[in-house]
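A.B. asks: Between the sequences and the hints, there should be enough to build the whole structure, so can you do that?
Chains as they are written, first to last, in this note's numbering: chain A, 1 to 150; chain B, 1001 to 1423.
Treat the hints as calculated values from the structure; they're not laboratory data.
The beta carbon of each residue, even a glycine, is placed where N, CA and C say it ideally should be.
Since no wrong hints were added, every one of them can be taken at face value.
Which residues of chain B face chain A? A few of them, derived with a C-beta cut under 10 angstroms, are:
no., residue
1, H1037
2, L1359
3, H1360
4, P1361
5, H1362
6, V1367
7, Q1370
8, G1378
9, M1386
10, P1392
11, K1417
12, I1421
13, G1423
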Amino acid sequence: MSDLHALYQEVILDHSKRPHNFRPMADPSRTAQGYNPLCGDKVTLFVRLDGDRVADVSFQGSGCAISTASASLLTETVKGKTLAEVESIFAGFHDLVTGKAPRDGQGPALGKLAVFSGVSEFPVRVKCATLVWHTLRNALRGGEEVATTE
Amino acid sequence: MAVTSEVAKPRAGIATRSAFDVARVREDFPILKEKVHGKPLVYFDNAATAQKPRQVLEAEQNFYLRLCSNVHRGVHWLSERATQAYEDTRVKAQRFLNASESREIIFVRGATEAINLVAGTYGRKNVQVGDEIVISAMEHHSNIVPWQMLCEEKGARLRVAPINDRGELILEEFEKLLGPRTRLVAVTHVSNVLGTINPVQEIIAMAHRQGIPVLLDGAQGAVHLKVDVRELDCDFYTFSGHKLFGPTGIGVLYGKARLLEAMPPYHGGGDMISSVSFEKTLYNVIPYKFEAGTPNIAGTLGLGAAIDYLGGLGQENLLRYEEELLAYTTEALAGIPELRIIGTARQKAPVISFVLNGLHPHDVGTVLDQEGIAVRTGHHCAQPLMDRFGVPATTRASLAFYNTLEEVDRLIKGLHKVREILG
Ligand SMILES: Cc1ncc(COP(=O)(O)O)c(C=O)c1O
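C.D. replies: Below you can see the structure in the form of structure tokens.
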């Protein structure tokens, strides 16, 4: 598989064109915004917590295929997870896209997120994949600041 | 597009109509032989920074190898030679812009610093509460933010002249913004996103009828047009060396001597003074009043070499060839399904922004990069302009005289690949 096809896998293109959980939320416990000044990607994330569990999560915004797919797959992945589980998934995801984890997505169970393994060959695109994750962590910390990739 | 219809569809590989030997010119630019991802580099990001001919690199190196010393500070041989070379470049820049006197040429880091200089000196002195500065909707952030900062400090107001859907300034609306409170008009000569060539002659005439001075941001204009500041009668003109095939970190601010003399200095320090005591400092004459500290001497000499280089090729030849490149590219892009060009002004330089329906420019740029094609994607430091056209970002191909029709063909092939991969 060429690097480009590894980056733009079917699953990623599908999620970028038809993102899941792409909606505002009426009664979020937390919201946070993320912004990537380099390419203008903007994301707003809505989270409803039930104790220390993510009961619901959704997003809005505009961005490139990688950032939109990453947001879409994030919402699928973290729904129902505890805050500690979210942290450990993020750590594994970060290693994957920065090339610190094996490319086959082995290691921590990342499930569908393994489709982002191709990002590691494109260092300038790492931020596109991680923006929404930084935004999520800000939201969970209850911070007001806008997550940026800088 | 007016130019497009006149072009007899030049084909790749076939000699172009203009008497301009692009193959020979490319020999002067070592970087054009580089490979990117195993493919010959196609450099279409010239509006961000242009490549440098060997002559510029040699001039910079020559300074460090043979002339290195400070300017305006020594009686020794080296310093005298360096000072002479530095001041010779001022005369080259004067001739390049057709300014009346070399003391109207101030060396700065680039267009950004030049605009900040005018805002920080002319602006701070002349703008008061309730006054207004007029810019246009197609400005680069560097011709927006310094004025916003000034307005905030002074309680003045920034007025923005609108553009039409082609990306042309609406002159009637522009004129309505001018009034007794307008202290300065600051507009771009050529848009770095849309390629629009502004009707600066009319703009200046309208402003001058009301006694308002005009600053032209020539960061792109000086590259794509023949500039004559006396004929234009603009009050300030600025450009960056690095976009004009010269080094980074050097640029020019032209100002009418009468205005420069009345302006307070910008930075304080060495060279900008005529005498200093702890009680009182007397400032130097122009241009030195605005050149505090040791300047970018090597960069200045590199800029001089770039100006000489362009002169040697003949600017008319270059501009004619650029028109041909623009027409060819515009027509070729029209053949890509669902591609929309942002900026279709009737007067246009070879700076071409576009969007592909449903595809984000960042993804387009990544695929093109894999083909060895360097384009800019993003908001191009012109976020308000992106909002005007309702797009978050565009892909921009900005061409220079060393680009070829074959390279344009590679862009078109690359865009077909983009559609195939991102579907
Ligand atoms: C129209 C315009 N103005 C100003 C600038 C700023 O130039 P510099 O970054 O060289 O100071 C640019 C460069 O991108 C430009 O295109």
